[in-house]
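Peer 1: Spelled out, the chains give:
Number of protein chains: 2
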Amino acid sequence: MNEMIKKQLAHRTIREFKDERIPEEMFSLLMEAGRRTASSTGMQASSIIRVTDKELRREIALICNQEYVQRAPELLIFIVDLYRNKKIANEKQCFETSASDMDRFFSGFTDACIMAQNIVNAAESMELGSVYLGSVLNDSEKLCKLLKLPELTFPVVGLGIGYPNQNPQIKPKIDMELRVFENEYKIFDNYLKELKDYDEEMHTYYDLREANKRVDTFSDQVVTRMKNPNPKRARMLNNIEEQGFDLNVDGR
Amino acid sequence: MNEMIKKQLAHRTIREFKDERIPEEMFSLLMEAGRRTASSTGMQASSIIRVTDKELRREIALICNQEYVQRAPELLIFIVDLYRNKKIANEKQCFETSASDMDRFFSGFTDACIMAQNIVNAAESMELGSVYLGSVLNDSEKLCKLLKLPELTFPVVGLGIGYPNQNPQIKPKIDMELRVFENEYKIFDNYLKELKDYDEEMHTYYDLREANKRVDTFSDQVVTRMKNPNPKRARMLNNIEEQGFDLNVDGR
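Just so you know, the protein sequences line up as chains A and B, in that order.
Take the first sequence: its position 24, counted from the start at 1, is 24 in our numbering, and no numbers get skipped.
Take the second sequence: its position 109, counted from the start at 1, is 109 in our numbering, and no numbers get skipped.
One chain only, chain A, in its complex shape (with noise of 0.2 Å):
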């Protein structure tokens, strides 16, 4: 097994870092790295802002509800962006409307993605760490306010990023019956059944974040989310079209 599967294999999410700043040669290998991330058509449709002040960086742990995302060396915010193309093809004399349609949404979402998994390999391959922060969409209006997006961008994720200063355990995760099918979806009878190892494991799994408390079994989490939701967050894509795009659905 080579060294970047057995990094992949030992991945964990690292959420307390050194006081440490990355140094700037690192840094740019790391946003080459995204830079040459797979893209959908090639258009390159993302984008990342890198946060470096301090007052933006407490805005933005406030929406994420998580103190430590200010303290983080590095914060990277991925975000679709199709700003850029629109004002290409305007330049070019070509006033199109379909820059702002949902399949260069979802293609540019995708992009946003791939290139943030590209930069977190890229960052553990160097003994860095990184916690992603899906949080960042709490509030996701603000967010584009705070940031300064223009129309046809949106946030995607946010990354932080720096040299580990805790080593938590691996998180036991789904069995893989559970996730990889093959030529169709496979439907259990009886999930919690298939869960049960899973679920005692998960159980056994100390999370660093609750100091030492055991946490509940996978089954148990599901539940406490589904009967959680954010209301906000749900009301997602009204915010999307705020910034431009056409979501094109019927009955309206």
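Hint data in this document are derived by calculation from the structure and do not stem from the laboratory.
Among the hints, erroneous ones may be present.
Remember, identical chains collapse to one label, so a pair may be satisfied in a single copy or spanning two.
[Claimed, not checked] Within a straight-line C-alpha distance of at most 35 Å, the following computed DSBU-like cross-link-like pairs (lysine-lysine) qualify:
{"id": "1", "residue 1": "K142", "residue 2": "K227"}
{"id": "2", "residue 1": "K92", "residue 2": "K193"}
{"id": "3", "residue 1": "K142", "residue 2": "K213"}
{"id": "4", "residue 1": "K213", "residue 2": "K7"}
{"id": "5", "residue 1": "K87", "residue 2": "K232"}
{"id": "6", "residue 1": "K196", "residue 2": "K6"}
{"id": "7", "residue 1": "K87", "residue 2": "K193"}
{"id": "8", "residue 1": "K213", "residue 2": "K87"}
{"id": "9", "residue 1": "K232", "residue 2": "K145"}
{"id": "10", "residue 1": "K232", "residue 2": "K186"}
{"id": "11", "residue 1": "K186", "residue 2": "K142"}
{"id": "12", "residue 1": "K6", "residue 2": "K142"}
{"id": "13", "residue 1": "K6", "residue 2": "K232"}
Only a predicted model underlies this, so the values are computations on that prediction, with no experimental measurement involved.
We have chain A already, so just place chain B on it with the hints.
Peer 2: The following block gives chain B in isolation, referenced to the frame of chain A:
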């Protein structure tokens, strides 16, 4: 520079593969890397369909309008999967409807994308090549039927993997200054001016798909894309709704 970063900076899409199976042990490592990928709030709301059936591959190649799709030694379709977690909650007597909200959908979409890229990185670390197939979404409705995707699942992206049987040039990418910004989105006065060198560089790049024909400049490619939207893909949200997700958009 370590081996992983070197590989990332030399990333190319591989569309032609040797007629040689990936050993099952190696394939298992790819799936294991996928399974170990970070996941939004630990919910693991994504799954993979491994397509091995010949007729099914032919049908998917037709959707993609890319004949080589059916020849890839491995063909994977990554999906948003909230079906599993909904069933788990149901079996625990939790019948909340939040499994179908767009917050879960986008979390699952993100999970699926970053899992795909983690597998791409694992593949490249073992000298395999890959091709992303955004084109599986050309007819998401048909793909849902072909893969028997139940409610609360949706296709995200496809991936072909195998031993490379071509050696393409590295594709030029937009300059970093246009893709990574500090603290706020940076708007440029004249994109064509900023892109001048890149446009020239792209024009000297030879795309193997076009048999040694010069490709258009990037800005011309953008115009061509804008002038040729895909109306079916632009209406994708309606199919996402048909799969059981609650779009929660104002005005209807």
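Peer 1: All hints, please: hold or fail.
Peer 2: Here is what the structure says about each hint:
1. K142 <-> K227: both (25 Å within a copy, 33 Å between copies)
2. K92 <-> K193: between (60 Å within a copy, 12 Å between copies)
3. K142 <-> K213: Answer is within: at 34 Å inside a copy they meet the 35 Å cutoff, but 46 Å across does not.
4. K213 <-> K7: within (27 Å within a copy, 40 Å between copies)
5. K87 <-> K232: both (31 Å within a copy, 24 Å between copies)
6. K196 <-> K6: For K196 and K6, the Cα distance is within 35 Å only inside one copy (27 Å; across copies 42 Å).
7. K87 <-> K193: between (54 Å within a copy, 12 Å between copies)
8. K213 <-> K87: This pair counts as between: shortest inter-copy Cα distance 27 Å, intra-copy 52 Å.
9. K232 <-> K145: both (16 Å within a copy, 32 Å between copies)
10. K232 <-> K186: both (32 Å within a copy, 27 Å between copies)
11. K186 <-> K142: Between. Shortest inter-copy distance 18 Å satisfies the 35 Å Cα cut-off; intra-copy 40 Å does not.
12. K6 <-> K142: Intra 39 Å, inter 38 Å, cutoff 35 Å: neither.
13. K6 <-> K232: For K6 and K232, the Cα distance exceeds 35 Å both inside one copy (39 Å) and across copies (41 Å).
Comparing the model with each earlier hint shows violations of hints 12, 13; every other hint is respected.
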